[in-house]
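Since the structure of chain A is already known, use the hints to place chain B on it.
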Amino acid sequence: MTVQATIETKLAEGLHPLHLQVENESHRHNVPPGSESHFKVVVVTDAFEDKSLVARHRMVNEILADELQNRIHALALHTYTRQDWEDKHGSAPLSPPCLGGGKRQA
Amino acid sequence: MDVMDRIKEQVENNPVIIYMKGTPQMPMCGFSSRTAEALKACNVEFAHVNVLADPEIFQNLPRFANWPTFPQVYVNGELIGGCDITLELFQKGELKPMLEAASAKA
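Residue numbers (the working numbering), protein chains in the order written: chain A, 1 to 106; chain B, 1 to 106.
FYI, nobody ran anything at the bench for these hints, they're computed from the structure.
One or more hints might be untrue.
Here are some chain A residues pointing at chain B (derived, C-beta under 7 Å) [said to hold, decoys possible]:
no.: 1; residue: V54
no.: 2; residue: N61
no.: 3; residue: L68
no.: 4; residue: L77
no.: 5; residue: L94
no.: 6; residue: P97
no.: 7; residue: G102
Pulled from the structure, derived: some chain B residues nowhere near chain A, Cβ distances all over 10 Å [what the hints assert, rightly or not]:
no.: 8; residue: K21
no.: 9; residue: P27
no.: 10; residue: G30
no.: 11; residue: S32
no.: 12; residue: S33
no.: 13; residue: K40
no.: 14; residue: N43
no.: 15; residue: E45
no.: 16; residue: N66
no.: 17; residue: P68
no.: 18; residue: N76
no.: 19; residue: G82
no.: 20; residue: D84
no.: 21; residue: L87
no.: 22; residue: E88
Ideal Cβ placement from N, Cα and C applies to all residues, glycine included.
The shape of chain A in the complex, shown without the other chains (with noise of 0.2 Å):
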């Protein structure tokens, strides 16, 4: 299973997410073509309900601790209730360009 899928799999399962977005955003950083290293997440819901936000990317973090530690170089995470999701229209913040993460240009 691609990175991808066991990602959207795992948070689906372990969250119940009324919304779930999950984007290779690898293409955008100091990696090979067809890396699966640097995602987004977007998840909204009920489970993160009088959760700070820290709680709730512990949650997520857990989840994906296995990933995080053998796969994922970066995620990007951002953690919703229904009632935050609503409130933001249904969109999520950009994330920022590479700046190259310290390894040597080619």
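Frame of chain A, contents of chain B only:
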């Protein structure tokens, strides 16, 4: 000194500190850059550690607060989050008062 003790000392002795890739003047990662920019925009003095220049901290910081990614921002010794959370707090207008309260206490 043990690396965990070093980190503990850093977060306890600096009311606001960011662990980032590169420096606020020369960030090496988009997420670190955006986070440092948000801190700068609050006009509160903050410390920084360039994790690319300190391999021991780079390797061990994730288990210090059980947080797998960089950057990491600590206020009053507590992890407030990485890029996404810091930016969200900034956009909600909550970051500046939080940082101001922390440095006033120091």
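Quick rundown of the hints versus the structure:
no.: 1; hint: V54; verdict: holds (5 Å)
no.: 2; hint: N61; verdict: holds (6 Å)
no.: 3; hint: L68; verdict: holds (4 Å)
no.: 4; hint: L77; verdict: holds (5 Å)
no.: 5; hint: L94; verdict: violated (10 Å)
no.: 6; hint: P97; verdict: holds (5 Å)
no.: 7; hint: G102; verdict: holds (4 Å)
no.: 8; hint: K21; verdict: violated (6 Å)
no.: 9; hint: P27; verdict: violated (6 Å)
no.: 10; hint: G30; verdict: violated (3 Å)
no.: 11; hint: S32; verdict: violated (8 Å)
no.: 12; hint: S33; verdict: violated (6 Å)
no.: 13; hint: K40; verdict: holds (15 Å)
no.: 14; hint: N43; verdict: holds (22 Å)
no.: 15; hint: E45; verdict: holds (23 Å)
no.: 16; hint: N66; verdict: violated (7 Å)
no.: 17; hint: P68; verdict: violated (4 Å)
no.: 18; hint: N76; verdict: holds (14 Å)
no.: 19; hint: G82; verdict: violated (7 Å)
no.: 20; hint: D84; verdict: violated (5 Å)
no.: 21; hint: L87; verdict: violated (7 Å)
no.: 22; hint: E88; verdict: violated (6 Å)
Of the numbered hints given earlier, the model fails hints 5, 8, 9, 10, 11, 12, 16, 17, 19, 20, 21, 22; all others are met.
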